[in-house]
Amino acid sequence: MEPVKLQVCDVAISARFYAALLGCEAVGNSADHAVFVTEDMRLELVSGNPVTAHKIDIVMTDADRVVRTYEHLWDACVRLPQIPTDMGFGLGFVALDPDGHRLRVFCLYKAEAA
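FYI, in my numbering the residues of the sequence shown are 202 to 315.
It is worth saying that the hints were derived from the structure and are not from the lab.
None of the values given here were measured: they were computed from a predicted structure.
Each hint should be verified, as a subset may be incorrect.
Unchecked claim - If you anchor each label on the Cβ, the simulated ranges turn out as follows:
id: 1; residue 1: Gly301; residue 2: Thr262; range: 23 to 29 Å
id: 2; residue 1: Ala277; residue 2: Arg243; range: 29 to 35 Å
id: 3; residue 1: Gly229; residue 2: Asp265; range: 16 to 22 Å
id: 4; residue 1: Pro282; residue 2: Glu245; range: 31 to 37 Å
id: 5; residue 1: Arg305; residue 2: Ile214; range: 28 to 34 Å
id: 6; residue 1: Val268; residue 2: Ser231; range: 29 to 35 Å
id: 7; residue 1: Asp265; residue 2: Gly289; range: 16 to 22 Å
id: 8; residue 1: Lys311; residue 2: Glu245; range: 14 to 20 Å
id: 9; residue 1: Asp211; residue 2: Phe290; range: 32 to 38 Å
id: 10; residue 1: Ala220; residue 2: Asn250; range: 36 to 42 Å
id: 11; residue 1: Trp275; residue 2: Asn230; range: 24 to 30 Å
id: 12; residue 1: Arg280; residue 2: Gly224; range: 15 to 21 Å
id: 13; residue 1: Pro282; residue 2: Asn230; range: 17 to 23 Å
id: 14; residue 1: Glu272; residue 2: Glu203; range: 26 to 32 Å
A virtual CB, placed ideally from N, CA and C, is assigned to each residue, including glycine.
Please work from the sequences and hints to get the whole structure.
What follows is the structure, given as structure tokens:
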């Protein structure tokens with residue numbers, strides 16, 4: 202699993218955002234660094250001045266979780282430039298984190314057994 206490392210302006214604010222998005226707390230957290238580990242990814246937040254926004258894919262287990270996550274972020278007034286949409290390969294939406302990093306949150310459609 203290749204770690205994703207993001208520079209963020211405020212680690213505490215970003216850590217709260219990603220804890221809500223990923224449904225887990227940081228395993229390592231300090232004023233200038235936070236680490237989240239899920240089954241599919243390792244995300245490191247480091248204090249800095251993000252020069253460019255990154256694009257990150259966050260894969261969820263099923264469509265219900267994608268929709269629930271979208272609703273939770275909507276209620277929290279997160280910037281959501283794309284509603285849950287059939288993307289051809291799965292259901293997903295796009296969110297922007299506090300530093301403008303673009304997050305594509307989705308689940309893959311499961312292949313039907315023959």
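Results of checking the hints against the structure:
1. Gly301 x Thr262: 23 to 29 Å: holds (27 Å)
2. Ala277 x Arg243: 29 to 35 Å: Violated, since Ala277 and Arg243 (Cβ atoms, about 24 Å apart) do not stay within the stated range.
3. Gly229 x Asp265: 16 to 22 Å: violated (30 Å)
4. Pro282 x Glu245: 31 to 37 Å: For Glu245 against Pro282, whose Cβ atoms are near 25 Å apart, the range 31 to 37 Å is violated.
5. Arg305 x Ile214: 28 to 34 Å: violated (21 Å)
6. Val268 x Ser231: 29 to 35 Å: Taking Cβ atoms as reference, Val268 and Ser231 lie about 34 Å apart, which means the hint holds.
7. Asp265 x Gly289: 16 to 22 Å: This hint holds: roughly 19 Å between Cβ atoms.
8. Lys311 x Glu245: 14 to 20 Å: Violated: the Cβ-Cβ distance is about 30 Å, outside 14 to 20 Å.
9. Asp211 x Phe290: 32 to 38 Å: holds (34 Å)
10. Ala220 x Asn250: 36 to 42 Å: violated (23 Å)
11. Trp275 x Asn230: 24 to 30 Å: holds (26 Å)
12. Arg280 x Gly224: 15 to 21 Å: holds (20 Å)
13. Pro282 x Asn230: 17 to 23 Å: violated (28 Å)
14. Glu272 x Glu203: 26 to 32 Å: Between Glu272 and Glu203, where Cβ atoms are some 30 Å apart, the hint holds.
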